[in-house]
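Asks: Protein chains in written order, with this note's numbering: chain V, 68 to 384; chain D, 59 to 308; chain B, 59 to 308; chain Z, 387 to 721; chain U, 387 to 721.
Honestly, the hints are just simulated from the structure, not real lab data.
Hints may contain errors.
Facing chain D, from chain Z, some residues (calculated, C-beta under 7 angstroms) [said to hold, decoys possible]:
1) 587
2) 594
3) 601
4) 607
5) 664
Chain V side only, calculated, beta carbon under 8 angstroms to chain U, not exhaustive [as the list claims (entries may be wrong)]:
6) 127
7) 145
8) 298
We treat Cβ as the ideally placed atom computed from N, Cα and C, and that holds for glycine.
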Amino acid sequence: GGVEVRDGGDGATKEASGQLKLAVVPKAVGADYWNTVKAGAECAAQRAGDVTVQWDGVTAETDVEGQVNLIQNFVTKKVDGIVYAATDSSALAPATDQALAAKIPVAMIDSGTSPQPSGVPLFATDNRASATEAAKLLAKELGPGNHDVALVEFQPGSQTNTERVDGFKAGLAQFPNLKLVGQQPSRSDVNEARRVTENILTANPNLKGIFAANEPSVLGAAQAIKAAGKSGKVVIIGWDAAPDEVAGLRSGQISALVVQNPFKMGYFGVDKMVKHLRDKAPLASADTGVTFVTKENIDSAEIKAVLEPSCANPPVQ
Amino acid sequence: MEARGIVKRFGHVEALRGADFTVRRGEVVALIGDNGAGKSTLIKTLSGVHPPDEGEILVGGRPVRFATPVDARRAGVETVYQDLAVADDLSVAANLYLGREILRSGPLGRLGLLDKRAMRQGAAAALDELGVRIPRVTTPIAMLSGGQRQCVAVARAIIWATNVVILDEPTAALGVVQTGRVLDVVRRARDAGMSVVLVSHNMPQVLEIADRVEVLRLGRRAAQLRADEVSTDDLVAAMTGSAGTDRDGR
Amino acid sequence: MEARGIVKRFGHVEALRGADFTVRRGEVVALIGDNGAGKSTLIKTLSGVHPPDEGEILVGGRPVRFATPVDARRAGVETVYQDLAVADDLSVAANLYLGREILRSGPLGRLGLLDKRAMRQGAAAALDELGVRIPRVTTPIAMLSGGQRQCVAVARAIIWATNVVILDEPTAALGVVQTGRVLDVVRRARDAGMSVVLVSHNMPQVLEIADRVEVLRLGRRAAQLRADEVSTDDLVAAMTGSAGTDRDGR
Amino acid sequence: MSTVEAPADAQRGELSDWLRERISHAVSEFTAATALVVLFVALTFASPYFLTTDNLFNIGAQTAVIAIIATAQTMVIITKGIDLSVGSVAALAGVLGAMVVRDLGFPLWAATAVAIGVGALAGLLNGLLVTAARIPPFIATLGTMSVGRGLVFIITGAVGVYGLPRSFQLLGNGEIMGIPFAVVITVLVAVGVAFLLSQTRFGQYTYAMGSNLEAARRSGIRVGRHLTGVYVLAGVLVGLGGMIAASRVNSGQPNYGISLELDVIAAAVIGGASLFGGQGRIVGTIIGAFLIALVRNGAVLLDISIHYQQVIVGVIIWAAVYFDQYRRRRLESRG
Amino acid sequence: MSTVEAPADAQRGELSDWLRERISHAVSEFTAATALVVLFVALTFASPYFLTTDNLFNIGAQTAVIAIIATAQTMVIITKGIDLSVGSVAALAGVLGAMVVRDLGFPLWAATAVAIGVGALAGLLNGLLVTAARIPPFIATLGTMSVGRGLVFIITGAVGVYGLPRSFQLLGNGEIMGIPFAVVITVLVAVGVAFLLSQTRFGQYTYAMGSNLEAARRSGIRVGRHLTGVYVLAGVLVGLGGMIAASRVNSGQPNYGISLELDVIAAAVIGGASLFGGQGRIVGTIIGAFLIALVRNGAVLLDISIHYQQVIVGVIIWAAVYFDQYRRRRLESRG
Ligand SMILES: Nc1ncnc2c1ncn2[C@@H]1O[C@H](COP(=O)(O)OP(=O)(O)OP(=O)(O)O)[C@@H](O)[C@H]1O
Ligand SMILES: Nc1ncnc2c1ncn2[C@@H]1O[C@H](COP(=O)(O)OP(=O)(O)OP(=O)(O)O)[C@@H](O)[C@H]1O
Ligand SMILES: [Mg+2]
Ligand SMILES: [Mg+2]
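Given only the sequences and the hints, what does the whole structure look like? Please build it.
Replies: Structure, rendered in structure tokens:
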């Protein structure tokens, strides 16, 4: 959704009702997930009219300091509002404060800061709870009896990763019949995900289930299982909904996907911000919700809207 | 081969300030001068290492431009540099044939396949001629003594020269025997019709081998002398400019 | 200073096979030998660069262990190496004072603050003594001619020597004038009671300056000779082993 | 040694020289190879799953790309250069190879040719920056790394290239007589480059330039052209590697190969290459690549967490190079 | 030149030498500085937000850590070394500095001392690996990079160190008379190290070792001890930098500094340091660091996406070094 309503930015302070310039900052550029956020943000901007979205981010979710600098630079630039996803809850808190001190309103998407200042809303899903839910799904798929399971995380030390891993382990704890026999990171690289999964499979021939915690991890794990000729014999519960993940779900390689609603995050972030700037509407947090997509429900209209979001039919109710 | 009015600057140092130099076919010319007079620099312009800033070089009366050593080599100019320029990690044999490797005959050769055995044998023979004892021709150059390294560099130039051989202090590190052999080779090269340019600080050696002597001082030609008409003292005087030799020379 | 039964191996090459060597106080000893005889290697063991594999070194009759050049320097042994060992990026002055910088007086000096001006002046004076023309003492060594570099290395050793000066082919690249100056300096050092070891392939020079000559062949002492009793031909014979000299000479 | 004796002597000398050379090379790869064998045996005892055809083929296929790109890196390192751009260029090649299949319907061989062409172009750029513009290799390829990654993201819009036909997986997942195709390619590449380096004029010049560029130039080698050639050839292999990587995961990944350069340089150096040029052999590099791969494989088999894995990899890198240096000092003690 | 004339001559020579040296150095930093000024002026015109106190202080604070660590890197590069471990070590120092505050209630100065101590230890390790174990710097520090990162994760359990008091932010976000504290520290560090390198024996030895290690050894410099000293001092600065970085983000980040080494090496090389040792000055490095920072800052102000930013950074790195090389060739043409 192209939103090219920019003009040459004259630098003068704008009337709240006029042209608005918003910065939207993901944790990192370069994944399907964040592109969907971008689409949502641009959709909201287009619908609101006369809003420019400047989309910029660091290249790795681990570059916390880079993101702090980026936010600072946006404050310097005096954008009208900042919508962003914090790579680190604590580290970005001062950056948010700086923006607020400069009278630039902030809305968080996907991941907030701690402390989260009042007046700064968070539009996000609960990673922890959703990962716990994923563990339950895995247990359900595997059924009774003792099973070996493994976890492919992505970036140890990053906050989202920690939340998903903790959530998943908390979920597993409720099922004594599931034993976690391997945990390796993919560093958000499909090749790496495939490699570690292959090695986990070798070491654990009885492996029955895998939880892969983000898009590249899921794709790599699925590749490895297919290459080992174990498609269907090892249950995969994945996260996110890249096209190949959806294809894997359809073909039965992947049992279920935890799908957030990144479109909605981007949309809410911009939409609520614009309303706040123009109509002085208060900013309030909202849960954007997750959907558990399986082969059964994949073709339902509601899921379709989440999986293939478009500005014509945005999944933002 | 002739050089006219060569000027070469390094930043604000003018190493050559309009230097002239001549060597004819079948002649050994000694190029002498004080330390820092510009001899090595002049030689590097003749062999294409440093293209001159001004002035021209003529081969067989026609002006040429040596932009790279490849050009000079193609004109049959072969040089032993004072700083040797050998590849330390390569073996003695490989250094001798560097840039002129012997390839296998047949189609394999056309693919660039080396004939290592032929090169080893050729290298052993060439070094033998200079009378130098070297452990093995497969030894990397890094392991050789100073004199052995210099022998390799000299052997290398001698094998390939067809027209002009330029030797920048080739015997500085050589033993008595090896020095004698090199001088023999120089004579033979001259007799075969090649031009030889020899840089040396050893005046007796210069007078023994050279037909003519050219003296460089402060980056300019200070004198041209016939070797059989002068003494060591004349040469020293010309180099240091302490006597009038440089004024009436030419 | 004395070396006894020194053995030094490089992998499977035995460079020294039980070499002996002696130099007394106030004596100039020439160390000669064919290329690859092991002269430079012997010198490096004497100056702590290569600790020997076998054998011992004695200074003033007492055995010492030179594990590093620092040890040798502390014993007053100063060396000019054949491969010079200068730092190309540093200026002439900095090289001359390397490892022995002049520091500012007072507390600043104790913090390691350099007195650059004093070093520049000292360097200019030292080079002047050798009669070498060098653009400026702040020029990086990389820009010097071969002879100029060698002058810096020689000047460096001469400034600091207190006990033994070892010179490995110090005049190989030097002009006639500079060579003469170096020989003068060698004489003065001897007269001041220092020991001088000179490696050279220039036999007339050896006979002119040395009190004694030690000949190295294939890593062993082949002869010890008094310089005033022998001729150039004797020396050559001893080095190459072509005559009987090496048999009756010690 | 008289002239008459020379030929006979040379004959004799030749055989023993040849032998000595072989032995010295064997010794040279000895440390890394020993480490490899020790690790192999240790893993065989430590994990019942290690010594299985499946696992070994897996390791082979996993290491294929690293080994191919490390081979390219070795060539560059021998010239006293370094190529930091391998990761970006491999990603660019893989992504474009995948895009021409998806968007233009190219067959696999043509897509591979495109990937190789992309690598060659990047190599040409690196080579010209180093030779014509005389930018030091570290900086030239650092720039290419940055520019290349930027291009990958611009071209893909930062989204992976998906929706490829099954046939796209042939290079990365196919087999020939039960042996992974990627392994076969790796062997061919390694043998080919090893031959090139040790037996041909091209190889000779490569070592010569790394050992002393000025000497090579004065010897009449057209160093500009030749050095560029080395970078181009390296680029070709990087492009091929990138294509195999994409094929293995059946998609073009814009994030592929971040910090890959460190892995492949480590492989080359563990295998005996010197960053100061003139030294390095492909056998060693391949051993180095497998050494790293075995550590990683073993760590997962033994369920060692990634954190301890990093510590272990670091220690092994130190150890391998320490023993190699130690052995060389013993052998040569160059002073 | 007679001996009598010498003193007078030296006097005269000295002044002009001094002048010449100054000028030659000025010229040497000329290219990078020119680029910096051009960029500065261009940004002033291009964006109304650029030339504001706030923005300039922001840039200063953002660049502080990079500049400090690049200063450390420059020292190592001058010795012909390289330090790939800076990112890991900075992370380790920052994380431990944060942990002692959170868990042991250390005051800020003590925590800073801990961070600096961690850096010094890592530097000592690097130094000993390079000198005593004779592992080439690239490999020694590559190992430290891997081990260091592993340790960070093991110590923190892969979770950031949070819950720090506000006072922890002083180093990174505090101000002194309106000037960011981090900027003040950077200036002090840069001036101090520049003085050390150019005016003291320690600096002289550093250049000498990088220029010709063997010559330095034969000159009686205790190269082992001294080289280790350089790595330790570099480690100290890296530790300090890591602490400032942690303070800036008010937490210990286990993932801090991944691929930081490339940024700081780029800054040093843009500023004129040579990876082949013996050359490099702190002024240049600082200019290089700010050049990169300006590009990043300007890109955001001008709404250039990160992808194009990467391309632009790459091109600027090429350009800066190209012109620097070109100028040097003109000036010296060493042949
Ligand atoms: N670092 C080294 N590694 C291996 N071999 C060496 C090394 N240094 C010297 N050699 C070998 O030791 C022998 C003696 O060398 P050395 O340099 O001592 O000779 P030299 O008498 O100084 O000769 P020259 O007169 O040519 O300088 C030579 O055969 C040489 O190949
Ligand atoms: N690459 C260079 N950069 C700067 N200056 C140089 C360079 N090469 C030579 N020079 C200067 O040019 C002058 C002449 O040097 P050159 O090497 O030609 O002298 P030379 O006559 O060969 O002396 P020698 O007898 O000592 O070898 C010297 O003053 C030297 O400092
Ligand atoms: Mg010369
Ligand atoms: Mg010698």
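Asks: Please check whether residue 298(V) passes as an interface residue: C-beta within 8 angstroms of a C-beta belonging to chain U.
Replies: 31 angstroms, violated
Asks: Would the hint on residue 664(Z) stand, with a C-beta cut-off of 7 angstroms toward chain D?
Replies: 3 angstroms, holds
Asks: Under the criterion of a CB-CB separation shorter than 8 angstroms, is residue 145(V) in contact with chain U as hinted?
Replies: With a closest approach of 6 angstroms, the residue 145(V) hint holds.
Asks: Can residue 127(V) be said to touch chain U, with a Cβ gap under 8 angstroms?
Replies: 7 angstroms, holds
Asks: Would the hint on residue 601(Z) stand, with a C-beta cut-off of 7 angstroms toward chain D?
Replies: With a closest approach of 4 angstroms, the residue 601(Z) hint holds.
Asks: Checking hints one by one. Is residue 594(Z) an interface residue toward chain D, by the C-beta closer than 7 angstroms rule?
Replies: It holds, given that the least Cβ distance between residue 594(Z) and chain D is near 5 angstroms, below 7 angstroms.
Asks: So, residue 587(Z) near chain D? Judge it on the closest CB pair being under 7 angstroms.
Replies: Interface hint status for residue 587(Z): holds (4 angstroms vs cutoff 7 angstroms).
Asks: Next item in the hint list is residue 607(Z). Is there a CB on chain D closer than 7 angstroms to its CB?
Replies: Holds. Min distance 5 angstroms.
The structure fails hint 8 only (numbered hints given earlier).
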